[in-house]
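**Student:** When the letters of the sequence shown are read in order and numbered with our numbering, they come out as residues 16 to 695.
Calculated directly from the structure, the hints in this document are not laboratory data. As the structure is a prediction and not an experimental result, all values here were calculated from the model. Every residue gets a Cβ at the ideal spot worked out from N, C-alpha and C, and that includes glycine. Treat the hints with caution; some may be incorrect.
Said to hold, decoys possible - Restricting the straight-line Cα-Cα distance to at most 25 Å, the calculated cross-link-like pairs of lysine-lysine (BS3-like) are:
(1) LYS602 <-> LYS329
(2) LYS33 <-> LYS566
(3) LYS438 <-> LYS33
(4) LYS329 <-> LYS167
(5) LYS33 <-> LYS329
(6) LYS167 <-> LYS33
(7) LYS47 <-> LYS216
(8) LYS508 <-> LYS33
(9) LYS216 <-> LYS196
(10) LYS602 <-> LYS167
(11) LYS231 <-> LYS329
(12) LYS609 <-> LYS167
(13) LYS236 <-> LYS196
(14) LYS609 <-> LYS196
Said to hold, decoys possible - The calculated label-pair distances, taken between Cβ atoms and stated as ranges, are:
(15) LEU384 <-> PRO34: 54 to 62 Å
(16) LEU671 <-> ILE647: 19 to 27 Å
(17) PHE221 <-> MET505: 30 to 38 Å
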Amino acid sequence: MDAPEMRSLPDNAYEPLKPGETYQPFIAAEAKTEEAGARSIGWGLLFCVMFTVASAYSGLKVGQVMEAAIPISILAIGLARLYGRRSTILENVIITGIGGVSGSVVAGAIFTLPALYSLGLSPHPMQTIFICLAGGCLGVLFLIPLRRYFVKEMHGEFPYPEATAITEVLVTGEKGGSQAKLLLQATAIAGVYDFFVTTFKVWKEFLDFQFLGVMKTLADKAKVVFRFDAVAFILGLGYVMGLRSSMILCAGGFLANFVLVPLIWHIGRGSPDALVYPGLKPIALMSAGEIFRGYVRFIGVGAIAAAGIFGILKSMRIVVGSLAIAAKALRQGGEDAEVERTDRDVSIMAILIGVLLAALTMAFFFGTLHPSWRIAAAGLALTLVFSFFFASVAANAIATTARNPVSGMTMLTIIVSSVVLLKFGLSGTTGMFFVMAIAGMVCTALSTSGQAITDLKTGYWLGSTPAVQQRVKFLGVLAAAAASGLTIVMLAKAGYYFGDAPPGAAESAVLAAPQASLMKALVEGFMNRQPVAYILFGAGAAVAIALEMLKIPALVFALGMYLPLELNTPALVGGILHELVTGRASKTGGEEGKGLRERGVVIASGLMAGGALGGVFGAALRLAPGFTEDWITTPFYANDGASQTVSILFFAGLCLYVWFGAVRPFRSAGPASVSPTPGS
Numbered sequence: 016m017d018a019p020e021m022r023s024l025p026d027n028a029y030e031p032l033k034p035g036e037t038y039q040p041f042i043a044a045e046a047k048t049e050e051a052g053a054r055s056i057g058w059g060l061l062f063c064v065m066f067t068v069a070s071a072y073s074g075l076k077v078g079q080v081m082e083a084a085i086p087i088s089i090l091a092i093g094l095a096r097l098y099g100r101r102s103t104i105l106e107n108v109i110i111t112g113i114g115g116v117s118g119s120v121v122a123g124a125i126f127t128l129p130a131l132y133s134l135g136l137s138p139h140p141m142q143t144i145f146i147c148l149a150g151g152c153l154g155v156l157f158l159i160p161l162r163r164y165f166v167k168e169m170h171g172e173f174p175y176p177e178a179t180a181i182t183e184v185l186v187t188g189e190k191g192g193s194q195a196k197l198l199l200q201a202t203a204i205a206g207v208y209d210f211f212v213t214t215f216k217v218w219k220e221f222l223d224f225q226f227l228g229v230m231k232t233l234a235d236k237a238k239v240v241f242r243f244d245a246v247a248f249i250l251g252l253g254y255v256m257g258l259r260s261s262m263i264l265c266a267g268g269f270l271a272n273f274v275l276v277p278l279i280w281h282i283g284r285g286s287p288d289a290l291v292y293p294g295l296k297p298i299a300l301m302s303a304g305e306i307f308r309g310y311v312r313f314i315g316v317g318a319i320a321a322a323g324i325f326g327i328l329k330s331m332r333i334v335v336g337s338l339a340i341a342a343k344a345l346r347q348g349g350e351d352a353e354v355e356r357t358d359r360d361v362s363i364m365a366i367l368i369g370v371l372l373a374a375l376t377m378a379f380f381f382g383t384l385h386p387s388w389r390i391a392a393a394g395l396a397l398t399l400v401f402s403f404f405f406a407s408v409a410a411n412a413i414a415t416t417a418r419n420p421v422s423g424m425t426m427l428t429i430i431v432s433s434v435v436l437l438k439f440g441l442s443g444t445t446g447m448f449f450v451m452a453i454a455g456m457v458c459t460a461l462s463t464s465g466q467a468i469t470d471l472k473t474g475y476w477l478g479s480t481p482a483v484q485q486r487v488k489f490l491g492v493l494a495a496a497a498a499s500g501l502t503i504v505m506l507a508k509a510g511y512y513f514g515d516a517p518p519g520a521a522e523s524a525v526l527a528a529p530q531a532s533l534m535k536a537l538v539e540g541f542m543n544r545q546p547v548a549y550i551l552f553g554a555g556a557a558v559a560i561a562l563e564m565l566k567i568p569a570l571v572f573a574l575g576m577y578l579p580l581e582l583n584t585p586a587l588v589g590g591i592l593h594e595l596v597t598g599r600a601s602k603t604g605g606e607e608g609k610g611l612r613e614r615g616v617v618i619a620s621g622l623m624a625g626g627a628l629g630g631v632f633g634a635a636l637r638l639a640p641g642f643t644e645d646w647i648t649t650p651f652y653a654n655d656g657a658s659q660t661v662s663i664l665f666f667a668g669l670c671l672y673v674w675f676g677a678v679r680p681f682r683s684a685g686p687a688s689v690s691p692t693p694g695s
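Let the sequences and hints guide you as you build the complete structure.
**Tutor:** Printed below as a string of structure tokens:
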């Protein structure tokens, strides 16, 4: 007889386990529940292809990849009610997991492959598909041995913002009742809010407060610029992250923008004609944003790389332990019968065979580029080492901040690969193709690893079988690789230009592809033997080492240094709200306090879900012929003071909504009132 299903996540779902305590998922380990059948796999693949094509085009056009997993989780709940046998929550996990692969593979594709066309190298369609497919498979394969560490052993230590949002969406949809209404309400509010503010000229999305004299003076005289992205998605993200993580993230941004940027400008302003590599113009003529992108961001990349090494060293014990368990099962002739269904991974033999097959096919691919065997071996080694290394970095980053440093790690891959391959005598167009192929595989691998850890953590909370999730993930990678590769090829064949276009080209035929344009500039520079800014990478590594000595999470701080400040500051507001709500819940205590905490997380998850949906709709609308942001324009939009003030007021309204939405039931009811129990 099947074990009864739990109607709510247990109290310790988001908390570190006490000694001797275990976590019991939403669906018990001994339960027999439908997971990966024709229904869930079919819908998952359909959503994967649909979101891949849409994300590839919108990402090339505006530089933003659609957040697919959260919208797909909402679609999965709606689909569950279309069948005579309602889909199980674990089937919805599979749909979300397969469909969510779209965004990760697309990121790997559009951040690198368009550069091959911009460089005039015209890759074969099968080459574009293979690069995405190989990278995606490596990302999944290298992430599997890390699952126990990030998902189980570190339970409660990472906030997992995106996985939390998906889990709350699926659980709330499963339970229904007042919590589901609250989730839908928050989703609708955030969806409408983010859709209008990011798509049209209604009020300013990005605030810099330079309509105030003091802020304008600081920007002009000291290159100190405070920026804030007033959207619902990041507010919800910060709430789920919590105060400590959001503060560390912001601290990295403050160091980068309020210390390093002004310091570099102060030193460089005395030489108005001096051009300092890797900057593209004299520091004295740079804005704060240009200094950040030209110098400080490279320091952030160095910090991320060093923090990633520390993360690998910390997780090595668990990885070795996981491999030992798998090896024991292999010696016994199969999976260890003592391992529970909810803790069973793909066998170590399958992982080894998969890595071997991937390595052989990549070696053949590199061989088709006609390098020497030494260069082909070096390229293969670089791809495997970086993919394995970045699997841990991506998992850590996503588990902590839901932000994957894809472009930074890809830049580091291009830099190191170029330096190494130049030592082997590889340069010119062949060298550029070789380096961008490596970068494409690694970029896809690290972005897929980040999405996979989100999927596996969601499954851990809900009671999925990890091995099943891991197997179907390869189907999603295959579908997304084919769809994204062919989309890029078709756009190139249709006459679109990626990045810069030749004189006289129609504006409508140009796709900005900002990340790929950056990668193209990097690989061209290095293959032309320009110097490497080792001092900037080393400075970032030194920051990470100092943080580790102080026992501060170095990767979170490094991400704050690397990410634009406007993405960090609203997360801090969400973290402060989280602290206020949980403080009220602790004072309230009992079932009321528990309900208050649940409502806060549900609202924050709704903000993330709605923000993601608003972004998807906005990106889709930008693809419409003749689209312009002027379709909806307010009279005050062009007035910075008025527009930013309106934005501040609306964002403050969102914060008040989170607070009152969480505490209202207990304010309005008397002390004898009890909030509805989960599942009512």
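**Student:** Next, verify each hint and record whether it holds.
**Tutor:** Going down the list of hints, with the structure as the test:
| no. | hint | result |
| --- | --- | --- |
| 1 | LYS602 <-> LYS329 | violated, 36 Å |
| 2 | LYS33 <-> LYS566 | holds, 22 Å |
| 3 | LYS438 <-> LYS33 | violated, 53 Å |
| 4 | LYS329 <-> LYS167 | holds, 15 Å |
| 5 | LYS33 <-> LYS329 | holds, 21 Å |
| 6 | LYS167 <-> LYS33 | holds, 13 Å |
| 7 | LYS47 <-> LYS216 | violated, 52 Å |
| 8 | LYS508 <-> LYS33 | violated, 59 Å |
| 9 | LYS216 <-> LYS196 | violated, 30 Å |
| 10 | LYS602 <-> LYS167 | violated, 30 Å |
| 11 | LYS231 <-> LYS329 | violated, 44 Å |
| 12 | LYS609 <-> LYS167 | holds, 23 Å |
| 13 | LYS236 <-> LYS196 | violated, 50 Å |
| 14 | LYS609 <-> LYS196 | holds, 18 Å |
| 15 | LEU384 <-> PRO34: 54 to 62 Å | holds, 55 Å |
| 16 | LEU671 <-> ILE647: 19 to 27 Å | holds, 25 Å |
| 17 | PHE221 <-> MET505: 30 to 38 Å | holds, 33 Å |
The structure shown violates the earlier hints numbered 1, 3, 7, 8, 9, 10, 11 and 13.
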